[in-house]
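All chains, please: the whole structure from these sequences, using the hints.
Residue numbers (our numbering), protein chains in the order written: chain P, 666 to 1193; chain G, 666 to 1193.
It is possible that some hints are incorrect.
Simulated crosslink set (EDC-like; lysine to aspartate or glutamate; CA at most 16 Å straight-line) [said to hold, decoys possible]:
1) P:K725 / G:E1123
2) P:K909 / G:E923
3) P:K1007 / P:E997
4) G:K909 / P:E997
5) P:K991 / P:E1027
6) P:K800 / G:E1123
Some residues of chain G that are not near chain P, with every Cβ distance over 10 Å (derived) [as the list claims (entries may be wrong)]:
7) A724
8) G815
9) A980
10) A1015
11) A1031
12) Q1161
Bear in mind the hints are in silico, worked out from the structure with no lab data behind them.
Note that beta-carbon positions come from the ideal geometry of N, C-alpha and C, so glycine has one too.
Protein chains: 2
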Amino acid sequence: MKPAGASLIGFGTGTAGGATFRAFDPARGVDLEPVFQSVSGTELEQAVQLAAGAAPAWAKLSGAERNKFLRLIADKLDQHAAILAERAAQETGLPLTRCTGEIARTSGQLRLYGEAAQRGDWLDARIETAQPDRKPLPKPDHRSMLRPLGPVVVFGSSNFPFAYSVAGGDTASAFAAGCPVIVKAHPAHPGTGELVGRLIIEAVKECGLPEGSFSLLFDAGFEVGQVLVQHPLVKAVGFTGSLKGGRALVDLAAARPEPIPVYAEMGSINPVFILPGALAERSAAIVEGLHASATVGVGQFCTNPGLVVLQRSAAAEQFVKALAAKLTATPEGAMLTPGIRKNYRANTAARAKQTGVKVIAEAKAATACGAAPLWFETEAQTFLGNHGLAGEIFGPSSLVVWCRDAAEMRDIARHLEGSLTATLLAGATEAAGQGELIELLAAKAGRVILNGYPTGVEVSHAMVHGGPYPAASDGGRSTSVGTRALNRWARLVCYQNFADGVLPPELQNANPCGLQRLVNGEFTRAGI
Amino acid sequence: MKPAGASLIGFGTGTAGGATFRAFDPARGVDLEPVFQSVSGTELEQAVQLAAGAAPAWAKLSGAERNKFLRLIADKLDQHAAILAERAAQETGLPLTRCTGEIARTSGQLRLYGEAAQRGDWLDARIETAQPDRKPLPKPDHRSMLRPLGPVVVFGSSNFPFAYSVAGGDTASAFAAGCPVIVKAHPAHPGTGELVGRLIIEAVKECGLPEGSFSLLFDAGFEVGQVLVQHPLVKAVGFTGSLKGGRALVDLAAARPEPIPVYAEMGSINPVFILPGALAERSAAIVEGLHASATVGVGQFCTNPGLVVLQRSAAAEQFVKALAAKLTATPEGAMLTPGIRKNYRANTAARAKQTGVKVIAEAKAATACGAAPLWFETEAQTFLGNHGLAGEIFGPSSLVVWCRDAAEMRDIARHLEGSLTATLLAGATEAAGQGELIELLAAKAGRVILNGYPTGVEVSHAMVHGGPYPAASDGGRSTSVGTRALNRWARLVCYQNFADGVLPPELQNANPCGLQRLVNGEFTRAGI
Chain P
666 MKPAGASLIG FGTGTAGGAT FRAFDPARGV DLEPVFQSVS GTELEQAVQL AAGAAPAWAK
726 LSGAERNKFL RLIADKLDQH AAILAERAAQ ETGLPLTRCT GEIARTSGQL RLYGEAAQRG
786 DWLDARIETA QPDRKPLPKP DHRSMLRPLG PVVVFGSSNF PFAYSVAGGD TASAFAAGCP
846 VIVKAHPAHP GTGELVGRLI IEAVKECGLP EGSFSLLFDA GFEVGQVLVQ HPLVKAVGFT
906 GSLKGGRALV DLAAARPEPI PVYAEMGSIN PVFILPGALA ERSAAIVEGL HASATVGVGQ
966 FCTNPGLVVL QRSAAAEQFV KALAAKLTAT PEGAMLTPGI RKNYRANTAA RAKQTGVKVI
1026 AEAKAATACG AAPLWFETEA QTFLGNHGLA GEIFGPSSLV VWCRDAAEMR DIARHLEGSL
1086 TATLLAGATE AAGQGELIEL LAAKAGRVIL NGYPTGVEVS HAMVHGGPYP AASDGGRSTS
1146 VGTRALNRWA RLVCYQNFAD GVLPPELQNA NPCGLQRLVN GEFTRAGI
Chain G
666 MKPAGASLIG FGTGTAGGAT FRAFDPARGV DLEPVFQSVS GTELEQAVQL AAGAAPAWAK
726 LSGAERNKFL RLIADKLDQH AAILAERAAQ ETGLPLTRCT GEIARTSGQL RLYGEAAQRG
786 DWLDARIETA QPDRKPLPKP DHRSMLRPLG PVVVFGSSNF PFAYSVAGGD TASAFAAGCP
846 VIVKAHPAHP GTGELVGRLI IEAVKECGLP EGSFSLLFDA GFEVGQVLVQ HPLVKAVGFT
906 GSLKGGRALV DLAAARPEPI PVYAEMGSIN PVFILPGALA ERSAAIVEGL HASATVGVGQ
966 FCTNPGLVVL QRSAAAEQFV KALAAKLTAT PEGAMLTPGI RKNYRANTAA RAKQTGVKVI
1026 AEAKAATACG AAPLWFETEA QTFLGNHGLA GEIFGPSSLV VWCRDAAEMR DIARHLEGSL
1086 TATLLAGATE AAGQGELIEL LAAKAGRVIL NGYPTGVEVS HAMVHGGPYP AASDGGRSTS
1146 VGTRALNRWA RLVCYQNFAD GVLPPELQNA NPCGLQRLVN GEFTRAGI
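Printed below as a string of C-alpha cells:
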C-alpha cells in the first residue's frame, strides 16, 4: 500500500497536468515520493456534483447503516496501522509511537460517533401529538428532528495526520450525521491522507454506498479550498488550523449568496493560572507536568499551554527557575514543516524584541527543521498593555506573566481572548474560594481544567473542544471533538400533520429506531 | 399607562436631543402621540455597559429564578392586555382581537420558556466520571453543559408587535438562557414597545435583578442597530424582518474582529404543492383554507403562502377560478406601515410586468394604507427561467405555477430557495407515494406541512421556525420559535477534574437541579 499521488474523485482518481508537490520528511530533511498532482477544476466540480448526488441517499441512511460504515473504516485503519503510522511519521516528523497511538484514537472516535449515529439520541427527536379539540384552535401534530445538511468539506490539520485529518473528527462526525464528505488533503502529509482516503473509498464500496460519498482532493496551493468553500452545492465546512487560514475561509463562506457554516478551530493560547497553594504543595510536580504538556509534540498542539500566570513570590520564582532549567535542557524536535518552523522562529524573534519581555529559557535547536523550547516572561501590566503578547505562537514557546496579586491575575483573565482551554492549578483547599476566577476562565474557554494540564483531549460524550473566538469561529457554540460534534452538520425539520407511514422512521409512533424522544414534554424511549 | 417616547436605559430613561419620530395609525392615516426620541450614542453605550455588567449575575441565576422573572413578565402582559392591545391595534392597523390573541400567545411563550429554563434539560448536561486506572492514560472527570453567551440584542418585527417584538420569542428565549437583553424597538409600533418594555423593567426590579438586565432603545433610523451589532460587548443578535435588513446585520456581524451569531428570520415564500387527489376530494375546502391562510393579517405573515404549485387539469383550473373569485371579493385591509404598502405596490407592479406572468385576481384597495389580494399565474418553465419569481412579496400576493406533470412539480421543488414552511396538499391515499417530493420539500423548509396551511406557528417543544437560507441566516440549524430557541444563546463549557463543590449546581453529583443528564453515556435524572 503506497500513495500514488492522485486525488480520489468518487470512485475514480485525478489526472496529472496541474501544479505538483511532494511530501517532505522534516526529521531527515528530504523530499518523499511520489509526486502529488493538484486536482483540476473539472475534477473538483465532479467531486462536488458526486457528493451532491449522493446526499439524498445519505440523508435516508439509517443510523445503523452509518455505524456499519464508520466501524468498517475504523477496522481498516487498525488493520493497516503499521504502514499508516510509518508514512505519517515520515511526513510529520512525529514519533512512530505517537502516530500509532493517534490511529487508535482515530478508530476509537469513528466507532464512538458510529455508535452515536446508531443510537440516534443526538437527533433531538420531539413529538407533540395533535389536540383536535383544543380551543380556540385545534393543535396539529408536530414532530421534529435534526436532518443532515448535505455535502461537507473538511480541511484537516497539519499537526494531527489522523485524528484531525482525512478520517478525523470532522469527517467522522459528518458521516455520522448523514453527510457526504469532500476532504481537501493537507499538503504536509498527503501520502498519509491518500492511504487513509483509499481505505474510506474501500469502505464506501463494501457498504454499497453511492459514489460521491467521499472524495479526497490534492492541491499545491489554496485555490481548491477557496473554490470548495464558495461552491453552491457545499453546505458546511470543517477546518482545523491557523487563525489566518480559518478566518479567510470563514469570511469567504459568510460572503456567499447563501452563507454556510464554517466550523473552524483556530488559535488558542490555553492560559494556565497557578495559585500560591499549588506551588506550596507540589511545585516539583507542576514543573514536570507543565513541562510535559508544553513540550509534547514539539509544542505543536492546539491545546499547548502558551501562557502561565502566577503571582510573584520566592516560591514562584523558584518554580519558574526550575521549570526554565528543565526547558533549557529539553532536546530539540523536528517541526511538522519548514514553514511552521520558519514561523516559529519569526514569531519568537519578534516576541523577544518586545519591550518588557525577557527570555527565561532557550534550548538548543541545530537541525534544519528542528525547534526547541523558548520561553519568555513579562509583568502583568506589560502584558495588559501589549495586545500582541496574547497571540498564539505555534510551537514550544510560552509566556510567563508575573502578577502582583490575585486581583491582577483576574485582570489578566478578563483581558484574554477565547481559548480552547483554561487551566487553574490550586492547592487542596484553594479552589473553593476561586469562584470569580473560575467564572472568568469559563467565560473565555471551552474547557476549564482544575489541577490538570490542557493537552490530552478525551473523545467522549462530555468533551468540549471549541471556545470563544478566536479559538473557534462559532464562538464555542459547538465542539469539534466528542459526540456533540455530530450536531454541527444538521438542521432542524418539523413535520406537521403527517400520517405515521409517511414520517421518517425516527419520528413514527412505534419508535422503531428506539430513540430517546421528547413526547409531549416528557422524555421516553417508548412508542406512542 | 401611556408611552412617554423615551428609551429605557437600564433603570433610567433616554433624553431628548436627537432625531425624533412618531408612530402612525395606518388604518386612520394619522400620526400618534407622543414624539419618540432616538437614543444618543452615550445612552447606547451605557445600555451596553449595563448589560455587560449584568451578564455575570445572569449567568449564575438558577433556572427557577429565570422562570420566576419570565412568569412575572407574562402576568404583567396579561394584566395590561386591554391597554396594550389597544395601542398595538392603533400602531399596526391589526384588528384588536388579533392583538389580544397575540398577547396571550406571547405570555404563554414566556411561561413555556420559563418552564424550560427551570427544568434545565435544554442545558444538555453531560458527565463522564473519571477512570483513574484506565490504560494507557487515566481518564479525568469531564462535565459539560450550555452556558449563556452574554448580552443579546433583539430586533423585533413589524408584523408581530408582541410575539416577535419587545417581549417576544427572541427576548424570552435569551432571558430563559440566562442572557441580558437590549431591544432595538421597531419604529412601526414604538408605543406598544415602550409599554411592554416598562413592564419588563418592573419585573426586573421586582425580582431584584441587576440594572442592565434589559434596555429598550429607540431610533428614527438604522444607525443604532448597526452600532449595537458591531459593539464588542454584544455577543449575539436576534432579528425578524426583511431579507435586506437581516442580511445587512448578518454581514456586519460576520465582519467584526470577533464575529458573533445573528439569528435572522428573513424572507420566505412558503410554497404550497397541491396534488390532483386533494382537489378531487375537497377542492372547495382548499379554496377556503388557502384563501384564509393567504389573506390573514393582510398577508403580512412570514409564513404567508406565496407560491401555489399544481398540475394543469380541468379540476385544477376550476379550483384556481374559484379561489381567484374569492380573492377578488376580499375586502382590503390596512398594511402595517406606508413603507410596507409602498413596497407591496411596487413589487406587485414589477411582477405584473414579467413576461409570461398574468394577473388572476385583483381585489380593490382604495384607502391610503390599504392593500388587497393581487395574485398571479405562470407556467412552470417560465418560473424556472426567471429567478425573481421565486422572491417573496410581503403582503397578500401569491403566484400560481402551472405544471404539466408530477415531474415538473418536483423540478419546481428542486429549484426553490429555503423557506420557513413547505406545504403538500394530497388526497387520502396520495401522500404515501410522494416520498421523493416530501424529501425535496424537507430539504427546502424548516417545517413541512401535510394537508394543512402554513400560517399558524405553534409555540411548543417540537416547533421549528427557521429554514435554509434565506428563510433563516443560519441555514435552519436553529429555530426562533419553540423551546429549542433557548439553545441559540448559549455556548458549551466543559469542566475537567473539578471537585463537586466547585462545579455549577447543574453538574454536581447530587443533581440538585433535577436535570436529565447524560452520565457515562446513559440518560438519567438520578444523582451519582
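These are the hints, each one checked on the structure:
no.	hint	in the structure
1	P:K725 / G:E1123	violated, 27 Å
2	P:K909 / G:E923	holds, 13 Å
3	P:K1007 / P:E997	holds, 15 Å
4	G:K909 / P:E997	violated, 55 Å
5	P:K991 / P:E1027	holds, 10 Å
6	P:K800 / G:E1123	holds, 13 Å
7	A724	violated, 7 Å
8	G815	violated, 8 Å
9	A980	holds, 23 Å
10	A1015	holds, 21 Å
11	A1031	holds, 32 Å
12	Q1161	violated, 4 Å
Hint compliance for this structure: hints 1, 4, 7, 8, 12 are not met, and every other hint is.
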